[in-house]
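**Student:** In order, the protein sequences belong to chains A and B. With the working numbering, letter number 67 in the first sequence gets 63, and the count goes up by one each step, no holes. With the working numbering, letter number 17 in the second sequence gets 79, and the count goes up by one each step, no holes.
It is worth saying that the hints were derived from the structure and are not from the lab. C-beta: ideal position from N, C-alpha, C; glycine also. Incorrect hints may appear among the rest.
Examples of chain B residues toward chain A, derived with CB under 7 angstroms [as the list claims (entries may be wrong)]:
| id | residue |
| --- | --- |
| 1 | 138 |
| 2 | 141 |
| 3 | 144 |
| 4 | 185 |
| 5 | 187 |
| 6 | 213 |
| 7 | 217 |
Covered stretches of chain A, as calculated for chain B (at least 3 residues, CB under 8 angstroms) [what the hints assert, rightly or not]:
| id | stretch |
| --- | --- |
| 8 | 1 to 15 |
| 9 | 73 to 87 |
| 10 | 99 to 108 |
Here is how the chains run, residue by residue.
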Amino acid sequence: MAQNFSEDTMARIADIRLGCRVDRAAAAVTTGPVNFFHVTGGNVLLTGFYGEITVQQAVAQAISINMDVDVGTDTPIASVGADANNFVVGRMCYLPAVAGALTWTAQGGACPLTVGPPYVLRPGMIAVTSSGSQTTGRMKWSLWYVPIEDGAYVEAV
Amino acid sequence: MPIYYEDTLENLSALRAGIRVIANTAAITNAGTGQTLFTVTGGRVALVDFYGEIMATMGAGATTIEIDAVPDDVAVVGTSIIATASANIANFVAGRMAYLPVFGGALTFTAAGGACPLKTGPVYLLRPGIVTALGSAVNAGTMRWFAFYVPVDPGAYMTGS
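My request is simple: use the sequences and hints to build the entire structure.
**Tutor:** Here you go:
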């Protein structure tokens, strides 16, 4: 039996299955560190994360991702990845296994969202650092999460 | 003992496993990008579960299958291999099933036909395009395929062939 759901229903199924999605609009990645997402109100569980090139990269650029907590010691989520210079539109990056480098897909059809473990994130900023600042290149980012403390949520910065 | 209407069961399935789409039973092909199993339209989706089932016993010729994600802009960015070539499936009987491996691994077939794991690989983000089964050769044996997904972008959806 074919399943026909309204767009709104499908979006809610996605929320239940993957977690709440937060999108960060396409922008140039600069040396930073630049705050991308804000965790606030309590701890959350990061259930998925990826970045996607929307305009070809044109500058040498290796990216790492840190959790810069409000209180306590910052934690790297992904160490420095490969240089993304000249990477074409559609290539994507994802979080690796624990303590690994931000990892890029070689092509643009599919990208794993859950290679790394689910991360408990304490309040603070998911911050991105790069070895170079893009001029024309652009990337968009999405993450999925569920709150694990009442009132906790994530917003794009 | 709970008794549910069929549509309730379908909805529970969608919530738990993702929205199900089915690719029609077809023979294995090595033409072009292979058999188009699913089409992603309207935006990105997340592939949460996937499996295939042999419906008619495979022929005797050596055959492997890989699963690819071919984006609409493949000429620019290339095809992603979701599962590399399987073992030779010549003479595999009806009922044996295939599932996605851990990331970077080969499409994996069950040794028997009673059960098949649905989740050994990660959830995959798929960009608009097609998901294909590319055979290493033509094989008259047939398979049907199931994908379970959720939309990422508003209005995004998958359809089966």
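**Student:** Evaluate each hint against the coordinates.
**Tutor:** Going down the list of hints, with the structure as the test:
A cut of 7 angstroms between beta carbons decides the hint on residue 138 (chain B): the least distance to chain A is about 6 angstroms, and the hint holds. Hint status for residue 141 (chain B) relative to chain A: holds, with the closest Cβ pair at about 6 angstroms, below 7 angstroms. Evaluation of the residue 144 (chain B) hint against chain A yields a held restraint, the C-beta minimum of about 6 angstroms falling below 7 angstroms. Residue-level restraint check for residue 185 (chain B) holds (minimum Cβ-Cβ distance to chain A is 5 angstroms; threshold 7 angstroms).
Given the 7 angstroms rule on beta carbons, the hint for residue 187 (chain B) holds: about 4 angstroms separates it from the nearest Cβ of chain A. Interface restraint check for residue 213 (chain B): the shortest CB-CB distance to chain A comes to about 5 angstroms, inside 7 angstroms, so the restraint holds. With 7 angstroms as the threshold, the beta carbon of residue 217 (chain B) comes within range of chain A, its nearest partner Cβ sitting at about 6 angstroms, so the hint holds. Proximity of the stretch 1 to 15 of chain A to chain B, defined as three or more residues with a beta carbon under 8 angstroms from a beta carbon of that chain, is established by the 9 residues found.
Given a C-beta distance limit of less than 8 angstroms, the hint that chain B covers the stretch 73 to 87 of chain A holds, as 4 residues qualify and 3 suffice. Taking a C-beta to C-beta cut-off of 8 angstroms, the stretch 99 to 108 of chain A contributes 8 residues in contact with chain B, enough for the three needed, and the coverage statement holds.
The structure fails none of the hints (numbered hints given earlier).
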